[in-house]
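Engineer: Each chain, letter by letter, is given below.
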Amino acid sequence: MDLWVEKSEFIQGLYLTQGVVEKRNTLPILANVLIESTGNEIVLTATDLEVGIRRTCKGKISRSGTVTLNARKLYEIVRELPADDLILRSGEGGWVEVIGGKSRYRMVSMDPKEFPSIPASTPVAKKAGVAMTLSAGVLAEMIEKTLFAVSSDETRLSLGGVFIESIEKNQIRMVATDGHRLAFVERQIAGIELRPGVILPRKGLVEAKRLLEGSEGDVTFSIAGNLARVERSGVELFMRLIEGEFPDYRQVIPKESKRRVRVDREPLFGALHRVAILSSERSRGVKLRLQPGTLEVVTTNPDIGEAMEEIEVDYTGDEFSIGFNARYLLDVLGIAGVTGTVEIGLTDEVSPGIVRIDDDEGYSYVVMPMRL
Amino acid sequence: MRSPSARTIFHADMDAFFAAVEQRDDPALRGRPVIVGGRSARGVVAAASYEARVFGIHSAMPTVHARRLCPDAVFVAGDMRKYRRESRRIFAIFDRYSPTVEALSLDEAFLDMTGSTRLLGDPVAVATRLRAEVRAETGLAVSVGIAPVKMVAKIASDLAKPDGLLAVAPDEVCAFLAPLPVGRIFGVGPVARARLTTLGIATIGDLRTIPEARLAAALGVWGVELACLARGEDARAVAADREAKSYGEEQTFTRDVESRERLCEAIRAHAEAIARRLRRDHVRGRRVTLKLKLARALGGGRYPLVTRALTLPDATDDGAAIAAAARTLLVRATPHDAIRLLGVAVSRLESAAGEQMGLLATDRDAARRARLNRAVDTIQARYGDAALRRGAAPAERAGLSQGIKRGED
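If you're matching them up, the sequences are chains A and B in order.
First residue of the first sequence: 1, per the numbering used here; consecutive thereafter.
First residue of the second sequence: 1001, per the numbering used here; consecutive thereafter.
Accuracy of the hints is not assured; some may be wrong.
[To be verified] Taking CB as the label site, the calculated pair distances span:
id	chain 1	residue 1	chain 2	residue 2	range
1	B	1307	A	40	33 to 43 Å
2	A	28	B	1237	44 to 54 Å
3	A	157	B	1231	48 to 58 Å
4	B	1281	A	253	34 to 44 Å
5	B	1307	A	213	38 to 48 Å
6	A	97	B	1233	54 to 64 Å
7	B	1351	A	316	30 to 40 Å
8	B	1307	A	113	30 to 40 Å
9	B	1077	A	28	47 to 57 Å
10	B	1351	A	157	23 to 33 Å
11	A	311	B	1374	32 to 42 Å
[Said to hold, decoys possible] Residues of chain B clear of chain A, computed beta-carbon distances all greater than 12 Å:
id	residue
12	1072
13	1115
14	1119
15	1165
16	1261
17	1355
Calculated from the structure, these hints are not laboratory results.
Quick reminder that beta carbons are idealized off the backbone N, C-alpha and C, glycines included.
All chains should be built: construct the whole structure from the sequences, respecting the hints.
Structural biologist: This is the structure we're talking about:
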């Protein structure tokens, strides 16, 4: 292999591999990026067997070939090199030279035959699965509004991802829950349909977010077999679907609430954030005390002290108080910048609360209270 | 002369604790060699009465071996629940003597008496009173070592046994330690002893004659620590960490077990027992550890040990949740061998206040189970454990299960 590539082009590709490569080092080859070069294309591939990414870069190839190099090290070297373009050249005994200006690095390539195969980049046949096109911005937004509620419980694998499905044509939903709170987003998109739903793994979506960062235009999202694929120009991301049944989320979203509070996001976020400092480190329990026009955020921690903040709210109901894990509220108040208003629907101290942001009918966040 | 900064530390150690409890409760056992331990072919000696020790029997020895040494010994399966109850009574007595009590196990503790003797009087008189009180209230013997540092107190109580008291004054420490073999120092095992022998060191006194630098060269940083200990310098304070760090149950199977079903039964029995203790103490745990000893012997009575652990998103005191986590770990450990011992432990404990309610149907089940658990606990507390038991309770009950571990993570 002997190739020339622009540093900026190459670094973009390597950046995308960084989150994918295996961190636990179970199989050494999974810490590597596969670099294939033919014609005038360089293809970078990384996978941890659950998630895979493939990025095509333009370059000039004088001798085609395939090598695999440690993805972290290569990224760090290339990022630091004071040159605008690079030469990668394989030599005897598995050595690969990385040359940029007057800097020369030699890295060891592992045998590319050891690199696991990931699905070929062929368009998904209509029969074999579903494929849809949607705006990168919408997909990124839907991921951001649900991903944080995914469970980290190793014993409940089906909650370890975001459920995506359509209930009817031209509509798509994403839902995530950890058993204490649930985030639900629904968007209308012409031509879209995904039935039955599937569970997308957390790690795959973290990478999808990275892939969609600042990108405009459309992406293709498709499901085939047990793989989901997100594709935009020159990049494909694969992820293995989580098997198992996602719980019936529709049952847990309250249809209506007895009490409704409207409040600006920013002061509520600030008060919760500060009061939570004194809450129990494990449970993060805070109490919300409502009176007409005001909301008190309170916590008592026998070991450290007490905190109380009062904010003005739009509330006309009776006096009422309820406990919550502050983090669960902060998570939702913090998404996509702390601006605008929020409406919280509450029924009683043992029933789920429901949070809506900026009157977005397509978004619901359901959170169970704490007994304090 | 006692320097003003010198501390007074008691090491109180019950004599042949499990065996002594059995002898106390069954007059037929008194004066006879009694061995507490798994009665199966697989078990090890958990405790041996002094009558049995004469035959060379000691704890951790395979029961089979003990039986060969003393065929007439009485073998008792042991009742951990009873020993734990006794332990609580004994520690309640310790607590009267010092606010700083560091439990080492169910039957052994350090007491920092530095402040207490100022209040209660001469250490030896105080220790005598403490020993008499334990004897009067529990019918059991406790040996006490008194010294200015922990290590020396522990050695002293050991030398005082059985049913004795030995005090080492601050200015006697060096003379006391000098003739003792180096193996008396905690942490000096066969390997270190062999290395020290090559340096010509047999006694703690020998250790003092060697320049620290040579010890450091031979044993690394630990050599320096050893030199300090040999001079009777042990800076470790008595850590009054009375709160349990983990709750565990384990069992050596009568016969090696391969069947996943049987392993899951054992997991459930352990998980339920742990959960009950967690609830009794009003704590919950977040981390679940599964411990497996494989049947494939390594020689020397050792077996490969596999441990796997995971952290739950929420602390629990529910047996079903603990069992589910342990089963996940069992799958993860994928043992191909037969299993000799299976243990479950729950750690990262927190107070049970501030309960997060669940959203999903399965969590609602958890809430229902929590109510059920409370009801079962109430009934068992009133009418005994046998009054109510979970369906399909395993045939093989946990035998001598491990107690609360203190001071460990």
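Engineer: Holds or violated: 33 to 43 Å for the Cβ distance of residue 1307 (chain B) and residue 40 (chain A)?
Structural biologist: violated, 53 Å
Engineer: Checking the smallest CB distance to chain A, is residue 1165 (chain B) really beyond 12 Å?
Structural biologist: holds, 40 Å
Engineer: Between residue 1351 (chain B) and residue 316 (chain A), does the C-beta distance stay in 30 to 40 Å?
Structural biologist: Once the Cβ atoms are compared, 37 Å apart, the range 30 to 40 Å for residue 316 (chain A) and residue 1351 (chain B) holds.
Engineer: Using the beta carbons of residue 1351 (chain B) and residue 157 (chain A), state whether their distance is inside 23 to 33 Å or not.
Structural biologist: holds, 29 Å
Engineer: Honestly, do residue 97 (chain A) and residue 1233 (chain B) meet the 54 to 64 Å range at C-beta?
Structural biologist: At roughly 59 Å between Cβ atoms, residue 1233 (chain B) and residue 97 (chain A) fall inside 54 to 64 Å, so the hint holds.
Engineer: Is the nearest Cβ of chain A still more than 12 Å from the Cβ of residue 1119 (chain B)?
Structural biologist: The claim stands: residue 1119 (chain B) keeps its Cβ more than 12 Å from every Cβ of chain A (closest is about 29 Å).
Engineer: Mind checking the hinted window 47 to 57 Å against the Cβ distance between residue 1077 (chain B) and residue 28 (chain A)?
Structural biologist: The hint (47 to 57 Å, Cβ to Cβ) holds, given that residue 1077 (chain B) and residue 28 (chain A) are roughly 50 Å apart.
Engineer: According to the definition I'm using, a residue is off the interface if its beta carbon is farther than 12 Å from all beta carbons of the partner; does residue 1261 (chain B) meet that for chain A?
Structural biologist: holds, 19 Å
Engineer: So does residue 1307 (chain B) sit 38 to 48 Å from residue 213 (chain A), Cβ to Cβ?
Structural biologist: holds, 40 Å
Engineer: Taking 30 to 40 Å as the stated bounds, is the beta-carbon spacing between residue 1307 (chain B) and residue 113 (chain A) within them?
Structural biologist: holds, 36 Å
Engineer: Can you tell me whether the CB distance of residue 1281 (chain B) to residue 253 (chain A) sits inside 34 to 44 Å?
Structural biologist: holds, 38 Å
Engineer: Does the claim that residue 1072 (chain B) lies off the interface hold, with its Cβ farther than 12 Å from every Cβ of chain A?
Structural biologist: Check passes; 50 Å lies beyond 12 Å.
This entry does not satisfy hints 1 and 17, going by the numbered hints stated previously.
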